Amino acid sequence: MTITSHGEELILDKERALYLPKHQLLAISDLHLGKSAHFRQAGVQVPSTIAQSDLHRLSLLIEKYKPETLLINGDMFHHGLNADIDDFAVWQKQYQNLHLLLVKGNHDRLTSADYAAMHIEIHEPSFCLGPFCFIHDAPQNTKEELYPISGHIHPGVTIVGKAKQRLKFPCFYFGNEYAVLPAFSLFTGLYNIYPKTKERIFAVTPGNVLEV
Amino acid sequence: MDQTKTKGYKKIKSWLKLNKRKPFQFQEDAWQYYLNGYSGLVNAPTGFGKTFSLFLAVVIEALNASEINNKKAKDRLQLIWITPLRSLAKDVARAMRETLLELDLDWHVGVRNGDTSQAEKVQQKKSMPEILLITPESLHLLLAQKGSSTLFKNLKCIVADEWHELLGSKRGVLVELAVSRIKGLQKLEKNQFLRVWGISATIGNIEEALDVLEPNLEAKRIIVKADLEKKIIIKSIIPDDIETLPWAGHLGLKLAYKLLPIIEKSKTTLIFINTRGQSEMWYQHLLNLEPELAGRIAIHHGSIDFELRNWIEDALHTGQLKAVIATSSLDLGVDFKPVDTVVQVGSPKGVARFLQRAGRSGHSPHEVSKIYFLPTHALELVEAAAIKEAAKNNNIESREPFIMVFDTLVQYLVTLAIGDGFDDKIIFEEIKNTHAFKLILPEEWSWVMQFITSGGDSLGAYNEFKKVTKDEDGLWKVKSRQLAMRHRLHIGTIVSDAMLKVKFLSGGYIGMVEEYFVTRLKAGDNFRLAGRVLEFVQVKDMTVIVRNSKQKNAISPSWNGGRLPLSSNLGAVLRRKYNEALDKTHQDEELDSVYPLFLLQEKRSHVPRNDELLIELINNKEGFHLFAYPFEGRLVHEVLAALVAYRLSKLLPISFSIAMNDYGFELLSETEIPMDESIAYEVFSPKNLTDDITLSINSTEMARRKFRDIACISGLVFQGYPGKYVANKHLQSSAGLFFNVFSDYDKHNLLLRQAYDEVFYQQLEEPRLAAALDRIQNGAIIITNPESFTPLSFPIKVDSLRENMSSEELEQRIARMKAESEKII
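Protein chains in written order, with this note's numbering: chain B, 5 to 216; chain A, 659 to 1483.
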């Protein structure tokens, strides 16, 4: 689905990604790579194929949009170095020319050397581009002129219909003050958000992105 | 060996004689069988000394033995007494200690459960008592201790008290597993004198109850049944005017004033309320009605602090209290002598539970138990009539034992691994000999072993999974202390939401509330706990700090407890009572009083006969409602509703919201529901049942809800522990998320399969559903179109727990939902 925000065209992809055609930039948030391995190290049996599957979805997006830049809007790595992150290093070799940006989130605690080794350019606390400012956790009342695009909360929306029907989906949120991207990783929960008037919500269904 | 010639028996007999008592025949029988090496089950009504039938058996044998045990030895444990409730242990221990003192037998009686102090546990580790009273969970915690495998060398007997209560839950499986391990340890020592006994109230499947406890059919096994009957008087509290009772609801405060004279004329009254939240409201309400009761009534439930509960139990013993409002926390065998009256508020949903609660009064042999039933809504009067009849005919439910619960097996194996470790070949043999896992296949066992050792799959170049590893001595163990500590905090199969302790600013604990409830409180808000109104101050170090409030009224926390489903025995009687009510072919005063309601039901719609299925179609601004009344109980209706919804949704794209209660279910749709007689026979057909049920379960949330418990029990999700567990944020996740990732990435996961199996076998009882559908096919289906809700439909409509089922395209459905309401939450 394509929308216009602050005079720029934005593509909302059902694989929980945002594409900015003008800047050839693909943005995702909350990748949480290494979460499954971190759980497994602690003796919790999360399927080890989750990280591979998230990376595979990311590959498909890169093939689809052929971006110059991949921006990860925080929480790229869930915890410390582990097997999933080794897998990432291997995966990354396919995309030598892809410019990789990380806006640091609360989970991103690797050393600068570790990021440098993976050719990840670090931005802290935000990375601004055109009318937008990518930041992991949006300030509630921003005085800045730029429109913040955040992640962090893993937004979800519940739709309530007649006859007591309800549906819940991950979503993109474009509020009056800031926007929130859905969490990219499938091994994440949902935090329900409640839009105010004139704010836009786009539900991510298995087959599509729909405004609700 | 004839026991009457033994010195132990003679000593017991003369001691009893000294106290002017005589053993009951079933007690003597139990002693004799025990002496002859039997395992078995004692079945007797409450109040006739079931405890002594087994405790004294072990004592007699000890008195017969000439040599005295080494008092210092670590392994002097003789008898393990498993109790389902902590409050029971204290009482039984007191009775045992008094007896041992009078018999001059120098044995120690120890209690070990969640309330036992750390110091006492350390003391027990140094030197075990001869008799240990323990909960199933604490027994597993014992197995999780290093060095525990040497403790059971001289153990003679394991008794599972109130076995009927444990049998129908996963806690029963905990008992089975612990027994299998202790037997195995004795076998290694070539010491096989262990006998396993259960004490059970009457249940429908008493033989099976024995099979679960002692599955070895070649062992000496016996059921010792007391030929004694307990007299019970059952009385309903009937409203003067049926209009005073609401059509739906669970609280029943309208009739509370009728309790006051009952409380007044009784010595002590126990008032059973089905949930903790409602018990708080009842306490408040009774005090408002009769301020004179202040200080003479108390409230007792599982979320009240241990010290406070202790005080109430002591006050009950000494007769200081006029009435106690209780939940299932006082259900079982505690013997409070002054209690002569019991009140049950709201339907107990089963005959066994009702009789059990009645037995709390008139506890001594040959005394009469007296129970009053107080209905919370009008139709419960019919349930009261049904319960009375079922109780009279001794039509008591079965407790179905759990089988193939992989979550409990996974937990057990990790428990052994943090204790002394285990040999997988030996343990496989042991569990194959339990009732719960006798059908386990070698490949299922391999899966379970793989799950705890390599995290479910062994793919990938290297495996970062760490939990259970093989030690140099060849045993499987957990090496990480942190992992072991976390596991210990989560041993058990009772799953509840994270709880926080509640404490006064000035010190002193009051009880516990759910974390979810606390998150909604602001400083200065008031809530009720343990019968007090408390003002919320703050949450500090996982503890809720409060002070006494001057407010009279406040909200009650709602503790999430499961709602009890109506048993099938009761359902059948209930159907018949509906006929009798309208035809006036009965002698039940309850049915007389509810008669005007039946007239109204008949006027607006129809009162279904025994061989009829009533379907009501009601159209209003909420949407199109379809109500059907098979009277099979909530759990079966949940599956049946999904099945009917699924079959209707095959006819055209349609979305349903589903609700149910014990009488029937509701399908609610935004579009008109296709229904006529031929469609009705088709959607209630037993044809193609298994496939259709599978598909309908897949398209609802039933299995996902079952998985919530499974994820906790198997250790995937950590619930936290009141006041003790510091949340490890990096490892927090939800059962729903695991359900999703297993469904997507690990379809063959046995825990996932267990969730579906639990719906299919435990909840659904396929034979029961098939029988219901056959009954419907052979009877008449009556379809009515009432203009407004009927006495039967109203209670279902107001029920809040709902399922969804849809065959519409998702995008169309969203578009439609969006168009019809702008509301998004």
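Read the hints as simulated data drawn from the structure, not as lab findings. Everything numeric in this text was worked out from a predicted model, so none of it was measured. Even glycine gets a Cβ: it sits at the ideal position worked out from N, Cα and C. Careful, some of the hints might be misleading.
Chain B is faced by these chain A residues, among others (derived, beta-carbon under 7 angstroms) [said to hold, decoys possible]: (1) Gly1113; (2) Lys1124; (3) Ser1313; (4) Leu1395; (5) Ile1472.
Pairwise CB distance ranges, derived in the manner of DEER restraints [unchecked claim]: (6) Gln1470/A to Thr115/B: 47 to 53 angstroms; (7) Arg113/B to Gly772/A: 33 to 39 angstroms; (8) Glu1340/A to Pro210/B: 27 to 33 angstroms; (9) Pro143/B to Thr1442/A: 38 to 44 angstroms; (10) Glu215/B to Arg1178/A: 30 to 36 angstroms; (11) Asn196/B to Lys1210/A: 33 to 39 angstroms; (12) Met5/B to Gln776/A: 36 to 42 angstroms; (13) Leu1097/A to Lys172/B: 35 to 41 angstroms; (14) Ala777/A to Arg113/B: 37 to 43 angstroms; (15) Ile1084/A to Met5/B: 57 to 63 angstroms; (16) Ile1084/A to Thr115/B: 44 to 50 angstroms; (17) Thr115/B to Glu1469/A: 44 to 50 angstroms; (18) Trp969/A to Lys172/B: 42 to 48 angstroms.
Worksheet item: When you take the CB atoms of Leu1097/A and Lys172/B, is the distance between them in 35 to 41 angstroms?
Response: 38 angstroms Cβ-Cβ, so the 35 to 41 angstroms window holds.
Discussion item. Checking hints one by one. Is Ile1472/A an interface residue toward chain B, by the C-beta closer than 7 angstroms rule?
Written reply: holds, 6 angstroms
Worksheet item: If you take the shortest Cβ to Cβ gap from Leu1395/A to chain B, is it below 7 angstroms?
Response: Status holds, d = 6 angstroms.
Discussion item. Taking the Cβ atom of Glu1340/A and the Cβ atom of Pro210/B, is their distance within the range 27 to 33 angstroms?
Written reply: With a Cβ separation near 31 angstroms, Glu1340/A and Pro210/B satisfy 27 to 33 angstroms, so the hint holds.
Discussion item. Can you tell me whether the CB distance of Gln1470/A to Thr115/B sits inside 47 to 53 angstroms?
Written reply: holds, 51 angstroms
Fill in: Pro143/B versus Thr1442/A beta-carbon gap, inside 38 to 44 angstroms or not
Given about 60 angstroms between the Cβ atoms, the range is violated.
Fill in: Hint status (Cβ of Gly1113/A to nearest Cβ of chain B, threshold 7 angstroms)
holds, 5 angstroms
Discussion item. Just to be sure I understand the hint, the distance between the Cβ atoms of Trp969/A and Lys172/B should be within 42 to 48 angstroms; is that true here?
Written reply: With a Cβ separation near 46 angstroms, Trp969/A and Lys172/B satisfy 42 to 48 angstroms, so the hint holds.
Worksheet item: Holds or violated: 30 to 36 angstroms for the Cβ distance of Glu215/B and Arg1178/A?
Response: Distance hint for Glu215/B, Arg1178/A holds at roughly 31 angstroms.
Worksheet item: Do the Cβ positions of Met5/B and Gln776/A conform to the proposed distance bound of 36 to 42 angstroms?
Response: The hint (36 to 42 angstroms, Cβ to Cβ) is violated, given that Met5/B and Gln776/A are roughly 59 angstroms apart.
Practice prompt. Given the range 44 to 50 angstroms, decide if the beta-carbon distance of Ile1084/A to Thr115/B lies inside it.
Written response: holds, 47 angstroms
Worksheet item: Is 33 to 39 angstroms right for how far apart the beta carbons of Arg113/B and Gly772/A are?
Response: holds, 37 angstroms
The structure is inconsistent with the numbered hints 9 and 12, although it conforms to all the rest.
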